[in-house]
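There are 2 protein chains.
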Amino acid sequence: MDTSPRRRATRTKLYEAAVTLIAEKGFSSTTVDEIAERAGVAKGTVYYNFASKNELFEELLRHGVGMLAQSLQQAADTALADNGTRVDALDSMIRAGLEFIDRYPAFTQLYVAELWRTNRAWQSTLRTLRRQVVTVVEDVLRDAVATGELNDEIDVQLTASALVGMVLVAALDWQAFQPERSVDDIHAALSLLLQGRVSGS
Amino acid sequence: MDTSPRRRATRTKLYEAAVTLIAEKGFSSTTVDEIAERAGVAKGTVYYNFASKNELFEELLRHGVGMLAQSLQQAADTALADNGTRVDALDSMIRAGLEFIDRYPAFTQLYVAELWRTNRAWQSTLRTLRRQVVTVVEDVLRDAVATGELNDEIDVQLTASALVGMVLVAALDWQAFQPERSVDDIHAALSLLLQGRVSGS
DNA sequence: GGCATTGAACTGACCGGTCAGTTCAAAAAG
DNA sequence: CTTTTTGAACTGACCGGTCAGTTCAATGCC
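Protein sequence lines, in the order shown, are assigned to chains A and B. Going by the UniProt record's numbering, the first sequence opens with residue 1, and the numbers climb by one from there. Going by the UniProt record's numbering, the second sequence opens with residue 1, and the numbers climb by one from there.
Among the hints, erroneous ones may be present.
DSSO-like, lysine-lysine: derived pairs with alpha carbons at most 30 Å apart [to be verified]: (1) B:Lys-25 x B:Lys-53; (2) B:Lys-13 x B:Lys-25; (3) B:Lys-53 x A:Lys-25; (4) A:Lys-25 x B:Lys-25; (5) B:Lys-13 x A:Lys-43; (6) B:Lys-25 x A:Lys-13; (7) B:Lys-25 x A:Lys-53; (8) B:Lys-13 x A:Lys-53; (9) A:Lys-25 x B:Lys-13; (10) B:Lys-53 x B:Lys-13; (11) A:Lys-43 x A:Lys-13; (12) A:Lys-25 x B:Lys-43.
Quick list of the computed label-pair ranges, beta carbon to beta carbon [to be verified]: (13) B:Thr-147 x A:Ala-9: 35 to 43 Å; (14) A:Ser-52 x B:Thr-128: 36 to 44 Å; (15) B:Thr-85 x A:Asp-184: 29 to 37 Å; (16) B:Arg-7 x A:Arg-131: 41 to 49 Å; (17) B:Val-183 x A:Ser-28: 31 to 39 Å; (18) A:Gln-178 x B:Gln-178: 32 to 40 Å; (19) A:Arg-120 x B:His-63: 20 to 28 Å; (20) B:Arg-142 x A:Thr-135: 24 to 32 Å.
Keep in mind the hints are simulated off the structure, nothing from the lab. Because the structure is a prediction, the values reported are computed rather than measured. Ideal Cβ placement from N, Cα and C applies to all residues, glycine included.
Produce the entire structure from the sequences given, and follow the hints as far as they go.
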């Protein structure tokens with residue numbers, strides 16, 4: 001069963017082992033033997049729990065993106081329930097995104113590395129998952145336009161992409177090149193950009 | 001000689017073949033045989049021209065990033081020489097970035113996919129190349145702060161990352177999901193974001 | 001012009017090694 | 001007794017890199 005606690009634990013161990021290895025070396029140079037070894041599990045166990053290396057990876061993606069989308073959605077909901085504006089909601093989502101990346105940097109690396117590839121087996125899976133994330137942002141943007149909080153000339157889809165990209169790249173650079181800085185610090189810098197308070201003194 | 005016209009042509013063919021294949025499938029699942037085949041060249045020729053698969057890839061990266069950095073720098077210089085503001089220069093760089101991605105989408109995909117990996121042979125090469133690009137943006141930002149054109153509270157490094165990320169992700173999404181749109185169109189949407197004219201009606 | 005020589009450039013069959021995936025008997029866990 | 005894990009053995013495909021041999025444009029010579 002999927003819900004057997006024992007099996008669940010094994011799968012989680014395999015996810016964790018796979019995510020870091022694949023983030024480091026890429027999917028195809030990561031071997032199943034390595035994954036099993038790092039998870040502290042026999043190779044046969046991998047194939048008892050997943051049909052193939054590919055399937056292990058796809059479920060890993062689903063698992064990670066599910067967590068991210070949920071975390072973003074919750075951030076937006078909380079901000080709005082708390083009498084915040086839509087821009088406050090966006091700001092909360094930026095923070096939630098940063099916290100996610102801080103907690104699961106390997107997953108983020110791997111996601112970015114695979115998202116725009118063509119001709120991959122899991123390409124359609126990945127596109128579906130992308131929508132799951134971007135839609136959350138788009139919805140808030142659309143709402144903000146509807147309520148007059150944002151300029152109605154903005155291109156919702158593209159702006160959502162750009163915002164996601166802003167957070168993604170800034171956060172990955174942060175992790176890679178200035179890991180000593182705090183989430184607050186990074187969040188403040190990006191907030192400034194979101195609020196358009198970059199221009200002008 | 002490196003400058004032998006024949007060799008030059010062969011190398012160019014190999015770059016072109018390699019860049020699309022690696023963008024599609026990633027470095028390690030792209031085989032040297034495939035690269036040679038697509039370039040219309042024998043496998044031995046690859047090894048006559050490059051010491052290894054790795055070196056071919058590194059030189060490919062150097063080649064591509066060089067073009068990008070030059071194009072960005074030129075955009076900034078032209079805008080400034082044309083009596084533009086620093087923000088105009090940033091806007092021009094956004095456009096130059098979009099045009100580059102439009103012309104070399106495969107290279108961009110590959111760059112993004114490899115940039116944040118750890119434990120890779122070419123990691124240090126890639127970091128050096130990243131600086132080459134980001135520095136151009138940072139310089140303009142710093143200038144803009146010095147002249148009072150931008151808020152002096154901004155974090156130059158992080159803002160530069162964020163801007164690059166914004167363009168990168170928006171452009172890749174554009175290519176992948178709405179390829180029919182024009183550069184002008186995308187540029188306009190991102191300009192709006194840069195100028196902070198998103199907020200307010 | 002015709003002919004020989006040179007060597008950079010290219011060729012492609014081949015080799016040693018690696019890896020995904022399969023199988024299974026036996027043990028452990030619950 | 002059932003479910004899950006173990007771990008080792010095996011297979012067949014694939015792949016990076018090598019190298020002895022071939023091609024051919026340029027050069028020099030008569």
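Going down the list of hints, with the structure as the test:
1. B:Lys-25 x B:Lys-53: holds (15 Å)
2. B:Lys-13 x B:Lys-25: OK: Lys-13 (chain B) and Lys-25 (chain B) at ~18 Å, within 30 Å.
3. B:Lys-53 x A:Lys-25: Status holds; Cα separation ~16 Å.
4. A:Lys-25 x B:Lys-25: holds (14 Å)
5. B:Lys-13 x A:Lys-43: At roughly 42 Å apart (the allowed maximum being 30 Å), Lys-43 (chain A) and Lys-13 (chain B) break the hint.
6. B:Lys-25 x A:Lys-13: holds (27 Å)
7. B:Lys-25 x A:Lys-53: holds (16 Å)
8. B:Lys-13 x A:Lys-53: Violated. Lys-13 (chain B) to Lys-53 (chain A) sits at ~34 Å, over the 30 Å cutoff.
9. A:Lys-25 x B:Lys-13: Distance of about 27 Å is within 30 Å: holds.
10. B:Lys-53 x B:Lys-13: The hint holds at about 15 Å.
11. A:Lys-43 x A:Lys-13: With Cα atoms ~13 Å apart, Lys-43 (chain A) and Lys-13 (chain A) stay inside 30 Å; holds.
12. A:Lys-25 x B:Lys-43: holds (25 Å)
13. B:Thr-147 x A:Ala-9: 35 to 43 Å: Once the Cβ atoms are compared, 59 Å apart, the range 35 to 43 Å for Ala-9 (chain A) and Thr-147 (chain B) is violated.
14. A:Ser-52 x B:Thr-128: 36 to 44 Å: holds (38 Å)
15. B:Thr-85 x A:Asp-184: 29 to 37 Å: Taking Cβ atoms as reference, Thr-85 (chain B) and Asp-184 (chain A) lie about 31 Å apart, which means the hint holds.
16. B:Arg-7 x A:Arg-131: 41 to 49 Å: holds (46 Å)
17. B:Val-183 x A:Ser-28: 31 to 39 Å: Holds, at about 34 Å.
18. A:Gln-178 x B:Gln-178: 32 to 40 Å: holds (33 Å)
19. A:Arg-120 x B:His-63: 20 to 28 Å: Taking Cβ atoms as reference, Arg-120 (chain A) and His-63 (chain B) lie about 25 Å apart, which means the hint holds.
20. B:Arg-142 x A:Thr-135: 24 to 32 Å: Distance hint for Arg-142 (chain B), Thr-135 (chain A) is violated at roughly 37 Å.
Taken one by one, the earlier hints fail for this structure at numbers 5, 8, 13 and 20, listed in ascending order.
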